[in-house]
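> The whole structure should be built from the sequences, with the hints applied where relevant.
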Amino acid sequence: MTATHTPTPAPQPSPPRQGALGRATAFVRNTWRGLTSMRTALVLLFLLALAAIPGALLPQRSLNTQKVDEYIAARPTLGPIMDRFELFDVFGSFWFTAVYVLLFVSLVGCILPRCVEHFHALRTPPVAAPRNLQRLPHHTQTTVADSPADALDRIQGELRGWKVVRREGGARGHDGEATLSAEKGYLREAGNLVFHISLVGLLVAVAAGKLFGYEGQRILVANGEEFCTTSPASFDSFRAGSTLDGTGLNPMCVRVNTFAADYLDNGQAEMFTSDIEYQYGGDLVTNTWRDAQLKVNHPLRVGSDRVYLQGHGYAPTFTVTWPNGETRTETMQWAPDDATTFLSSGAMRFDPPGGMYPDADERRKNQIALEGLFAPTASFHGTLLTSIFPAMMDPAVAIDVYKGDSGLDTGSPQSLFSLNKELINQGRLVKQDRVNLRPGESVTLADGTEVRFDKATDFVNLQVSHDPAQQWVLVAAISMMAGLLVSLLVKRRRVWARAYPSGTVNDGERRTVVELGGLARTDQAGWGDEFDRLVERLLGDDAPSAPAAQEKKN
Amino acid sequence: MTQNDTLARYSDWAFESAFAVLVLALVLLVAEYATHRADVVAERERELVAAGRRPASDTVERTAGPGRVEETPKRTLSQRVGNMGRALVVVVAGLLVASIVLRGLATERFPLGNMYEFVAMACTAAVLFGLVVLRKPAYRIMWVYLLVPVLILMFLAATVLYADAAPVVPALRSFWLPIHVTIISVGSGIFLVSGVASLLFLLRIRFPKGEEHSGVFAALAERLPDAQTLDRLAYRTTIIGFPLFGAGIILGAIWAEAAWGRFWGWDPKETVSFITWVVYAAYLHARATSGWRNTRAAWINVAGFIAMLFNLFIINMVVSGLHSYAGLN
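Residue numbers (my numbering), protein chains in the order written: chain A, 8 to 561; chain B, 6 to 334.
These are calculated hints, taken from the structure and not from any lab test. Careful: at least some of the hints might be erroneous.
Claimed, not checked - Ranges between beta-carbon positions, derived for each pair:
id : chain 1 : residue 1 : chain 2 : residue 2 : range
1  : A       : T265      : B       : T164      : 41 to 47 angstroms
2  : B       : V35       : A       : W39       : 53 to 59 angstroms
3  : B       : W18       : A       : P87       : 30 to 36 angstroms
4  : B       : S219      : A       : L65       : 29 to 35 angstroms
5  : A       : T265      : B       : P172      : 49 to 55 angstroms
6  : B       : W18       : A       : Q275      : 22 to 28 angstroms
Stated by the list, open to error - Straight line, CA to CA, 20 angstroms or less: simulated EDC-like cross-link-like pairs of lysine to aspartate or glutamate:
id : chain 1 : residue 1 : chain 2 : residue 2
7  : A       : K302      : A       : D282
8  : B       : K141      : A       : D290
9  : B       : K141      : A       : E537
10 : A       : K428      : A       : D358
11 : A       : K302      : A       : E337
12 : B       : K141      : A       : E457
13 : A       : K191      : A       : D536
Glycine is no exception: its CB is placed at the ideal position from the N, C-alpha and C atoms.
Quick look at the structure:
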């Protein structure tokens, strides 16, 4: 889009009356011309930049749903209106889509005719030499001993890489006159076209990725827990492409064996590493597990899928021993609320073993639940637990233990990390005790049930991503950059040479006048020196001594 | 005190010295600017051009007497002061490079891990790039305007943004860090030069050569190169900065694909980089559109640089996102 030229036919006197069809075509044609003009492209570029601004300044659902909810809650009147205008989903909103679709239509409408024009320009010989080369911004003149034909042969030989055409005769009407027209820099337009076409390609590839790709997150405790990508349900969260119905995910199984975090003395993380095993494709049939190591910046790439280590935390293990000696052990991830000390919070719910109570209703009312904090490196202010270091050096938990209906059987969804406050307020879940426990320590409730904190294990948050078009995005981006560089670095130049016999010829005297003229079609800066150098190269020893190449201010 | 702490201290000293020398250079350059007379420069240039074409023997005569610095009589006090200032700028560049290298040695990593180091790199890039593109006599007088923003950025870097030499978080431990962040910071430095040129162009076009009226701005404009020269400088620097910045964004996307699980996710930093790139694209298009070529294009270029600054300061320090590596907490 570096030049505006939709070919306009010569203005015709408009007929006095035009049929509806004619008016409609005129309207479509004028709209199309307006849309593909450079001015429109500029305006659309601005609109695109402007439209993206709320995406940077307002919380976005695609990044953080919770923040968006808080933002709307804090503005009861304005929030819902902003939401209605999709200000929290800017990059999927109707107006952002409208702007970039119009921009790309305008771009295609501008590029296609230019491709045709460029194709024709490549087949058209350089334009004939102007009548008066001295009028050009840069020109020089000298006399040489060769004949006009030889002089032009020599110049033509030096113009390698230029598109050259030679014409006998000429506008000046000298006998034996011949001219050379040379042009270079065709690659500039080609690079420009490649850049813009690649831009369209980039958009198509990104869109394809959004249609056919998916990504899902899953938390796994690093003690050999495994999961398979059988369906979106096996993920904790899942974002599917528009063409996906949840079946047909690339089959893959992952088992997490270890997780290690290295910290500096000040608690800053140095590296996170997790050893995993996986099965992919044919491995699932043969049940072969392959080893792999995940690190930050080093995902597992297999087929068109990638597995990332996205986060980590701690999963405490508790054992409940009922008075009759039956036990239940559970390990559950707790949410790392504090990113620097990994003080985490969470909850657990234990169903009494079957047969302990006469009926299901009674059994439901005697569930054990606990809720509290976990500190990887504990520090107590009185009885208040905090964490002072993110690595597990001296773990402890501070928990409230409840007995009653934990809501497991209600069928309604609950938070994984906290108990239902409603159940507690209604007295259906009754607090039994509040204690701080270190690994191996336990608390015994009034009815003789013992709750023991066994240990904590690392958990990892894995992301599985599938984007079949990703490499095409890269290809488009690279060709875009290549096209851009070519279109910015290549300069368009025109040079003409005219040679004719000098008027008076004596023996031993030079007998051919050679005129050279040059025109910079782009990037005028520096063209003067460039022309001087070119003249020296073209004419060799016959070049008029510097600074004979006159320079006119252009 | 470990060896690394010592190196880190030397790095800080180098940075502070660079700042002090820059202040001195700026004082000298302002003095030159205040006493500058445009016609003298023109005369001097003509003379230089003539001198360059003299036969070689003459040059030998003129430089005879090694060790003695002889002033050519035509060089005014104003120009001598200015030349001293520009010589000091070279010292500033050297000290800044030393500061960056020492910090890299002290932290045993590539020295682009927080905002302080980023701004230091961008300032160094701007000064070094300035030494290249402003070397022509016609441009020399513009140094003042380039050094003022550099000075402000360095001041902010050393006060608000300063972060102790320390290792970086796991996400930054990647060989993409030197590639991506260096390209972006060098691009920022180049855009700084370009933005300054466009601002000066706007000032110049308001007060065209020979039509300067009285007033502070007119007096400032009077000493500038003509509008076309400034415009060309802005364009020439932008067409270097634009592909460089674009490459930086693409390399960042490649890194994001490995680090964050997607190559593009409209993180605030990514979004504003996109906006900046689109604004600079609009500048290049405006340059090819009739009616937009002059003032409007220059304003777009200035807007691009403002977007750059916004991306660096507001996005890193106010808006939280994945790029919050400022090291300010």
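> Regarding the pair K141(B) and E457(A), is the alpha-carbon distance no greater than 20 angstroms?
Roughly 85 angstroms separates the two Cα atoms, so the pair is violated.
> Between T265(A) and T164(B), is the Cβ distance one that fits in 41 to 47 angstroms?
Given about 44 angstroms between the Cβ atoms, the range holds.
> Note whether the CB distance of T265(A) and P172(B) lies within 49 to 55 angstroms or breaks it.
23 angstroms, violated
> Tell me if the straight-line CA distance from K141(B) to D290(A) falls inside 20 angstroms.
67 angstroms, violated
> Given the hinted pair K302(A) and E337(A), is their Cα-Cα distance within 20 angstroms?
28 angstroms, violated
> Look at the Cβ atoms of W18(B) and P87(A) and judge whether their distance stays inside 30 to 36 angstroms.
Violated: the Cβ-Cβ distance is about 56 angstroms, outside 30 to 36 angstroms.
> At the C-beta level, are V35(B) and W39(A) separated by a distance inside 53 to 59 angstroms?
55 angstroms, holds
> Would the pair K428(A) and D358(A) pass a check requiring their Cα atoms to be no farther apart than 20 angstroms?
19 angstroms, holds
> Would the hint linking K302(A) and D282(A) be met if the CA-CA limit is 20 angstroms?
Judged against 20 angstroms, a Cα distance of about 9 angstroms means the pair holds.
> Between W18(B) and Q275(A), does the beta-carbon spacing fit 22 to 28 angstroms?
For Q275(A) against W18(B), whose Cβ atoms are near 25 angstroms apart, the range 22 to 28 angstroms holds.
> Can you let me know if the beta-carbon spacing of S219(B) and L65(A) is within 29 to 35 angstroms?
47 angstroms, violated
> Is the straight-line distance between the alpha-carbon of K141(B) and that of E537(A) 20 angstroms or less?
17 angstroms, holds
In this structure, the earlier hints numbered 3, 4, 5, 8, 11, 12 are contradicted, and the remaining ones agree with it.
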